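Kindly produce the complete structure, drawing on both the sequences and the hints.
Protein chains: 2
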Amino acid sequence: MTQPTSAVKTPPRRNDATRARNEQAILTAAERIFARHGYRGASVQAIAEAAELPKSNVLYYMGSKQALYVRLLARMMKRWNALLDDISVEDDPAEVLTAFIERKMQLSRRHPEGSRLFAAEILGGAPFLQEYLHGELREWVEGRARVFEQWAERGLMDPVNPVWLIFLIWSSTQHYADFEAQVLGITGKDALDDADTEEITAFLTRVVLKGCGVQSRQKAPPERKMPSYSVRNDA
Amino acid sequence: MTQPTSAVKTPPRRNDATRARNEQAILTAAERIFARHGYRGASVQAIAEAAELPKSNVLYYMGSKQALYVRLLARMMKRWNALLDDISVEDDPAEVLTAFIERKMQLSRRHPEGSRLFAAEILGGAPFLQEYLHGELREWVEGRARVFEQWAERGLMDPVNPVWLIFLIWSSTQHYADFEAQVLGITGKDALDDADTEEITAFLTRVVLKGCGVQSRQKAPPERKMPSYSVRNDA
DNA sequence: GTCTATACAAGGATAGAC
DNA sequence: GTCTATCCTTGTATAGAC
Numbered sequence: 001m002t003q004p005t006s007a008v009k010t011p012p013r014r015n016d017a018t019r020a021r022n023e024q025a026i027l028t029a030a031e032r033i034f035a036r037h038g039y040r041g042a043s044v045q046a047i048a049e050a051a052e053l054p055k056s057n058v059l060y061y062m063g064s065k066q067a068l069y070v071r072l073l074a075r076m077m078k079r080w081n082a083l084l085d086d087i088s089v090e091d092d093p094a095e096v097l098t099a100f101i102e103r104k105m106q107l108s109r110r111h112p113e114g115s116r117l118f119a120a121e122i123l124g125g126a127p128f129l130q131e132y133l134h135g136e137l138r139e140w141v142e143g144r145a146r147v148f149e150q151w152a153e154r155g156l157m158d159p160v161n162p163v164w165l166i167f168l169i170w171s172s173t174q175h176y177a178d179f180e181a182q183v184l185g186i187t188g189k190d191a192l193d194d195a196d197t198e199e200i201t202a203f204l205t206r207v208v209l210k211g212c213g214v215q216s217r218q219k220a221p222p223e224r225k226m227p228s229y230s231v232r233n234d235a
Numbered sequence: 001m002t003q004p005t006s007a008v009k010t011p012p013r014r015n016d017a018t019r020a021r022n023e024q025a026i027l028t029a030a031e032r033i034f035a036r037h038g039y040r041g042a043s044v045q046a047i048a049e050a051a052e053l054p055k056s057n058v059l060y061y062m063g064s065k066q067a068l069y070v071r072l073l074a075r076m077m078k079r080w081n082a083l084l085d086d087i088s089v090e091d092d093p094a095e096v097l098t099a100f101i102e103r104k105m106q107l108s109r110r111h112p113e114g115s116r117l118f119a120a121e122i123l124g125g126a127p128f129l130q131e132y133l134h135g136e137l138r139e140w141v142e143g144r145a146r147v148f149e150q151w152a153e154r155g156l157m158d159p160v161n162p163v164w165l166i167f168l169i170w171s172s173t174q175h176y177a178d179f180e181a182q183v184l185g186i187t188g189k190d191a192l193d194d195a196d197t198e199e200i201t202a203f204l205t206r207v208v209l210k211g212c213g214v215q216s217r218q219k220a221p222p223e224r225k226m227p228s229y230s231v232r233n234d235a
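Taken in sequence, the protein lines are chains A and B.
So in my numbering the end of the first sequence lands on 235, straight run, no missing numbers.
So in my numbering the end of the second sequence lands on 235, straight run, no missing numbers.
All clues given are correct.
Note: identical chains are not told apart, hence a pair may lie in one copy or across any two.
List of simulated lysine-lysine pairs, DSSO-like, C-alpha gap at most 30 angstroms: (1) Lys78 <-> Lys104; (2) Lys65 <-> Lys104; (3) Lys104 <-> Lys210; (4) Lys78 <-> Lys55; (5) Lys104 <-> Lys189; (6) Lys55 <-> Lys65; (7) Lys65 <-> Lys78.
Note that these hints are calculated values from the structure, not bench results.
Nothing here was measured: the structure is a model prediction, and the numbers come from that model.
Put into structure tokens, the structure is as follows:
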């Protein structure tokens, strides 16, 4: 960014690719280390080793440990915001809630480290995310909550507290990323595959929709392929 | 333990009370610090300051940072086990699930720091709890799962995957301790009071029971006081 | 632009004074 | 039994060699 595009002296040339590659390696490694040990517990040394780079290289690229951490948090918030599209009273409750649960599950599944990074930040009292939680996110929740209330008034779902409902969806989906170690320990699996994820998504969708008495205003109820699991899936 | 009960020379006498008081202070302080920063991120220094004792005093009483941490984990597992009573097919599904959700909420509410300590441990890959997760806890889950399955066979509830159901209850209740910072940020509250906790418990009970088609084999359905919240409870 | 060498604070743990 | 002083490691960050 600081370099003119067509400088007379072009010393950094093939280094652009190196830089991009190194930055990527650092970000990926750091997300894992921060997720695992929290901000304080993570050491630049450990991040550097995971990225297979010298320690000072990490600081050279990222400026400081804190800058790196904040950058990762921002990246995760960006991913998060990407699936927070607007909804209106006119939308179909069943469809909206189904899509909500599905996307949230996918986010946790695609970015488990980022998910845990976020969790660790909140667990520690959210020192870097106070503003976000009290501002942007709160407004988003209130907007959705108002729509849920209107649906309830129109008899499209039970009159449940919409905020608790949002928390229910967040927590139950987030669980599979944040508590992965527990999930794997109990199920005896090495990892959850796509089939597991689909089954869990179907289960959560079913319970939430039925539990809140959500009506589909379209044709058939959107109850996805009946999640009556066929075989017990432990070790 | 190393001291004979009736030694001729009884040098430690009035110190017993001091010791008990100091140990208690350390355990309370350490639980908070470990919960907030994880095992690595927590420093003995910070724990000592929170307990208002010199650093080496903490190590003197507890032996080492790791011993202190393990002790706190064990204490939390003990609290946890205390509410894991046995159930049988003969029990009433609605009652059992209601009690389950209620107790789990109470545990998170009474011991939020312990709850977060546990969460941080799992988030970090559960290095100290591998055995517990793969052994004791797994067996407990399997036992309960079998009962849920039998209930489903008898038509007392829908044939949902019992393991996902247990995870749903764990995650949705745990959320209010672990993600407290987020919950407070979004609701605009300073803290959740007893009324909030009761309302949330009622909401979760309702959604889970209804969502899983749980039948009460007794008289009236155990739907606790209808949780149709009356007033929006944000700031 | 990259990395080795180093500065200086904070980490866990212990020896020894009181 | 308690706490000060100290050891050695590890932490973040930077200066300067290449």
